[in-house]
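**Student:** Based on these hints, arrange chain X on the given structure of chain D.
Next come the chains, spelled out residue by residue.
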Amino acid sequence: MLVMSDINKVYQTELVQTHALRDFNLTVKEGEFIAVTGPSGSGKTTFLNIAGLLENISSGDYQLDGQSIVGLSDKELSRLRNEKIGFIFQGFNLIPDLNLFENVDVPLRYRGFNSKERKQKIEHALELVGLASRMKHLPSQLSGGQQQRVAIARALAGEPKFLLADEPTGNLDSLMAKQVMELLEKINKQGTTIVMVTHDAELARRAERNIQIVDGQLCDFTMYQGGATANEQEAIA
Amino acid sequence: MFSYYIQLAIKSLKSTIGTTLLMVLAIACGIGISMTALTLNHMTGNNPISEKSDQLFAVQLQSTGSSSTWSTTDNVPEQLTYQDATNLMRALPELKHTPMYKTGFSVRTLDPEFAPVLRSSRVTTRHFFSMFDVNFLYGGPWSKTVDENPTFQVVISEELNDKLFGGGDNTGKEIFLNATTYQIVGITESWQPKPKFYDVNNGAFQSSEQLFIPFVLSSVYELQSWGNNNGWKEERVNNYQEKLASEILWTQYWAELPTKKDQDKFSQFLSGYVSQQQKLARFERDDAKGIIRNVQQWLDYNDVVGDDSYVLVAVSFMFLVVCLVNSIGLLLAKFLRNAPHVGVRRALGASRGQVFAQHLVEVGMLGLLGGLLGLAFAYFGLSLLKNNFDGFDFVASMDITMFLAAPIIAVSATVLAGIYPAWRVCTTLPSIYLKTQ
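Line by line, the protein sequences are chains D and X.
Position one of the first sequence corresponds to residue 11 (the working numbering), numbered consecutively onward.
Position one of the second sequence corresponds to residue 55 (the working numbering), numbered consecutively onward.
Next comes chain D alone, as it looks inside the complex:
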């Protein structure tokens, strides 16, 4: 599903060169649920941005669903992102001027579905998160947990193979966090691959596999249910 080989990401300013990721190797199998942990500034967000095709790599190779992203144009990357990847953010990132229906509609618009298909997919996604009855509400009329569920519905509406979640429960109380986590587990069981960045060790333990990034490198991992790949073994060694 996702294969990162010898990825390096360097941020260059006039005075400083920062290695956000160094010789980063990771393979994520289809259907896995992986938790990514690590201290602040370790490179988790850079990893997530690169995995989500929001940032280019400085060197190395990244294959998403069998396709190398190296050398792709912005248009091709956007298309790939739209079709293969769903995003869930800590701050929900719903567009405040759009109601729930319109928020979930955003990725579908860029996919080019017709209005009938879009309506069907939006209603299905909102039903999945239990908010179908509130599709005309604005995000500001919902609680934090509900907003995150809408964000999940938006991420799932286009039926991506791969879900990237950046601290999805970071802004939620424990009850809401539990509900969101259960929802993610349900989605994963239905076959969607999930990579979740979290600081919460308890949430991380609920994932199939737990990897840790320190100083831009994959330095440790724990298998709860699955197993490490040869690449990762090599990377750790």
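Take these hints with a grain of salt, some might be off.
Restraint ranges, calculated between C-beta atoms of paired labels, are given here [unchecked claim]: (1) X/72 with D/144: 26 to 34 Å; (2) D/199 with X/470: 48 to 56 Å; (3) D/85 with X/386: 19 to 27 Å; (4) X/55 with D/78: 51 to 59 Å; (5) X/443 with D/150: 54 to 62 Å; (6) D/180 with X/383: 33 to 41 Å; (7) X/55 with D/106: 19 to 27 Å; (8) X/69 with D/133: 34 to 42 Å; (9) X/368 with D/78: 53 to 61 Å.
Keep in mind that the hints were calculated from the coordinates and are not lab data.
These figures come from a predicted structure and were not determined experimentally.
We put the beta carbon where it would ideally sit given N, CA and C, even for glycine.
**Tutor:** For chain X alone, kept in the frame of chain D given last:
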């Protein structure tokens, strides 16, 4: 996607209604001012008879004294003396050419209850109507005989016909022009060339006349000119007959010369006429000459669209640029404030091109709103000119070209101005904003 972009643009404009109004107002002010100036320039620069522009020629003669100077670029007067006009009129009968001048009458019907109205009149020959494509509703021009033998016949305009009789075919009826009765032989369709090219010397943007009477009546009826009378010679002019024989310049002269051969023939005739007048010691100058200019040359020669009109257009467009620069600032602030939402859209699959297009559509809508409001401002500005200043009746009004140009200019200019803010927002890294939302 275009309809989606329009929906998003409407939402975005509504969500920041204050900023939107400011931007629309700024664009509208710029468009209103520039369209007002452009309309005046466009209407004054119009060639009202473009299809015959190369066939109709204004005639000039350098008949002034050797020490006289004139305000024209080549020092040749725009008008002719009455004696030159009548001399030319009698020559080359195979070609259409006509003298003319402006006069006016108190007009009334034979109905004693009818209150007289004052109307300007053109004194000319029957050729005037066919040369300048003046169409008739009823009847037609007077005959050749009437051009040669003074007869009290008149052609009136549709407007005057409505005023006098309430419309209808009234040819054959008589009306009073001052105290003399004239028989109506023709009623013209409404005719208002803009500018009034055949007599720019007496006001290029005045109304066309509503009465036309035979030129031959001038000498017997002593019709005074309502236009400019330019004298250069010290001479005794105590009565009308002395005026007719004087060197006072007060008539206009036009010829229709459809072919090069006709033009050469007429020019040759003019040269001969000038030589003859030099021999008679009437034309004193060694460089005396006859000149013909077609309509466009005539309008340019008379500076109908003055340089100040172009300067005004340039200044007004500079004002539009200032308005647009202000709008760019507001747009940039607005777009960058919405950059986090752009980041979300990018994360969800929007390409840079799609984000750029979305913002340009929003800018285009702003331009359209500004253009429509600007059109209203321009209409208001032109009405103010029309109602408060003389000579703007026919130029201070928008034709369909200007009406369509306003929103097109507004949208184009705003989209052009909006390229930078749209480019800025679409090139920002989405990852920066996704964390900061």
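**Student:** Indicate, hint by hint, whether the structure satisfies it.
**Tutor:** Results for each hint:
1. X/72 with D/144: 26 to 34 Å: Once the Cβ atoms are compared, 30 Å apart, the range 26 to 34 Å for residue 144 of chain D and residue 72 of chain X holds.
2. D/199 with X/470: 48 to 56 Å: holds, 53 Å
3. D/85 with X/386: 19 to 27 Å: Cβ of residue 85 of chain D to Cβ of residue 386 of chain X: about 25 Å, so the range 19 to 27 Å holds.
4. X/55 with D/78: 51 to 59 Å: Since the Cβ atoms of residue 55 of chain X and residue 78 of chain D sit about 28 Å apart, the hinted range of 51 to 59 Å is violated.
5. X/443 with D/150: 54 to 62 Å: Distance hint for residue 443 of chain X, residue 150 of chain D holds at roughly 55 Å.
6. D/180 with X/383: 33 to 41 Å: holds, 36 Å
7. X/55 with D/106: 19 to 27 Å: holds, 22 Å
8. X/69 with D/133: 34 to 42 Å: Hint violated: Cβ distance 26 Å, outside 34 to 42 Å.
9. X/368 with D/78: 53 to 61 Å: With a Cβ separation near 56 Å, residue 368 of chain X and residue 78 of chain D satisfy 53 to 61 Å, so the hint holds.
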